[in-house]
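Make the full structure from the sequences, and use the hints.
What follows is each chain in one-letter form.
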Amino acid sequence: MALPVGLKVSTSLFLCPHLSIYSFSYLILLGLAIAFCFVYQLVAIDGLSSSSLVLFVACLGDTKVLAAVYGPKAGTRKNENPEKACIEVIWKPKTGQSGKLEKEYEMILKRTLQSICILTINPNTMTSVIIQVVDDDGAVSTAYFCHFTNTLLPCAINAACAALVDAGIPLKHLAVAICCGLAESGYVILDPTKLEEQKMKAFIYLVFPNSVLSVLPNGSLQKKGGEPLEHGIITSFTQGSMSVEDYLHCLERGRAATSKMSDFLRRSLQPQLPSDSSKAG
Amino acid sequence: MGLPNVSGDLSAEMDVDAFRRLFPLRFYERHLVESIRPDARPLGRARDTTLALGAVASADGSALAKIGLTTMLAAIKMEVMTPSTETPDEGSIAIDFHMPPICSPLVRPGRPAEAEPVVSKQLSDTILSSGMINLKELSLINGKAAWMVYLDIYCLDADGALFDAALLSAVAAFSHLQIPVVSLNDHGKVVLMSEENEGGKDPVNKEKRKLTLSSIPFSLTCILHKNYILADPTAEEESIMETLVTVVLDSSGQLVSLYKPGGPVLAYTSAIQDCVALTRQRVKELRKILDEALSGMEVY
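These protein sequence lines map, in sequence, to chains A and B.
Mapping to full-length UniProt numbering: the first sequence position 2 is 2, numbers consecutive.
Mapping to full-length UniProt numbering: the second sequence position 104 is 104, numbers consecutive.
Worth flagging that the hints you see were computed from the coordinates, not collected in a lab.
Where a beta carbon is used, it is the ideal one built from N, C-alpha and C, also for glycine.
Be careful, since some hints might not be right.
As the list claims (entries may be wrong) - Here are the simulated DSSO-like pairs of lysine-lysine, each with C-alpha atoms no more than 27 angstroms apart in a straight line: (1) A:199 / A:260; (2) A:199 / B:136; (3) B:136 / A:201; (4) A:103 / B:77; (5) B:226 / A:84; (6) B:210 / B:136; (7) B:226 / A:172; (8) A:201 / B:284; (9) B:226 / A:194.
What the hints assert, rightly or not - Okay, the calculated beta carbon distance ranges per label pair: (10) A:98 / B:101: 22 to 28 angstroms; (11) B:214 / A:248: 21 to 27 angstroms; (12) B:98 / A:123: 31 to 37 angstroms; (13) B:98 / A:183: 22 to 28 angstroms; (14) B:50 / A:267: 54 to 60 angstroms; (15) B:136 / A:172: 30 to 36 angstroms.
Listed below in structure tokens is the structure:
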């Protein structure tokens, strides 16, 4: 199977909205380098059932995740509500078999995606989202303690979300995921690298919605101001202990950073829109 | 849900149980408007909680926790192992959560429940990141021998807030834990000391039979639905209103985990703060329940 490189968006984003607040040189690294490297777009498999396969590669530093979306296919699983569309997430680790960690990620991802999809449009169908970890930055996970790369989950959420857009699955809004590292002295590093991770006492993973505008075809790049929707948390997941104030502080930081990421997502997804007609059949 | 007006008209002439089954969400919303829940609890109150220590005689530490109908049995078994070369002065903890088919009609025999690995992972994450147990305390002889702690939690009845009950039982089992006495045998190996073969050998860990639990984590799960916050949901509530937030605070007030896996309702800062405040109250309650259970043990 040839892999046609449909589009190559290799953009890096560096966000420093709050640089002026901290005068200390090293205190803040809002160095959020998101490079959505390439978007592979493979064939629409079956015109009749309008299945679509979309592969999406999202890279965050050295973390690479491949997301594929198949569906909607007819019929749901057992124990699922047939009046709604069902989403299935399969997480494939880079090597080895999937264990507890992967199952937990599957659950978080599934419930996150469920909350951004409009599930009533295709009732009694199933959409499969397959996440393949391509490069996890040398993450090691043992049975007792997981030293996994902290950017893995946010990266997968961003990739899955973009793949859903590409597959034409009806969405309420996009989800933007971020990892905040909290250091001993209380400063926040967004999407810490592997080296920085070792100095962190806690990690917070946050997923925010972006504004509803972004899924409209004529969505412009205007600032969304203080719209309440994008301040709500879709998903929160933490590791390590911190004070409640630190958490709320991270929340603010995360919000500020994700608004820039939403803009970036919108910019990179907009050129994709015309190609949707080829898969719509 | 699709026909709200129909349900509104029917409610006057319909049997309450039938209405509850047909329009569960509307049934609940009618209660929520009155700030009450179908089981007569106010929105912010958790169900009655009981704790029994030492429920499993053959284990080194065990506890049975009940929150409402949700029942969890936690038991700890300890074994001597050789520590890994990376951490020669630390023992380790393996946590497993089991949901046998008897716990819920949703769990079928032969097929593991979906929640099983998730709760299991959540528990080990919480217990390890709270720093409740100093792994160095589990060391016996540096580089040679350390304790391997197997904590197994069985869900006997799953009626919502599984994680809260599981964490409570795990914490209680750890506080009940009595470390077995070990000694060096003739081959220089660390073995468990039983009653018979005590024969003059010195135990390695004579004075250290209890773990010091530095900060004990307690949790509370809340449902977010519109502007309502429902503490400690039952299984029925969890299936109808899907947005769950689990807050774990330790006894010194540090936030150990804030877990919200998706859900249709977005959590705003005010809702988060309300959940944290409810958890603070709950931590005090649970702390008291645990202390009472522990002091009850000392009498014997």
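* **Index of numbered hints that the structure contradicts, given in increasing order** => As far as the earlier hints go, 9, 13 and 15 are violated by this structure, in ascending order.
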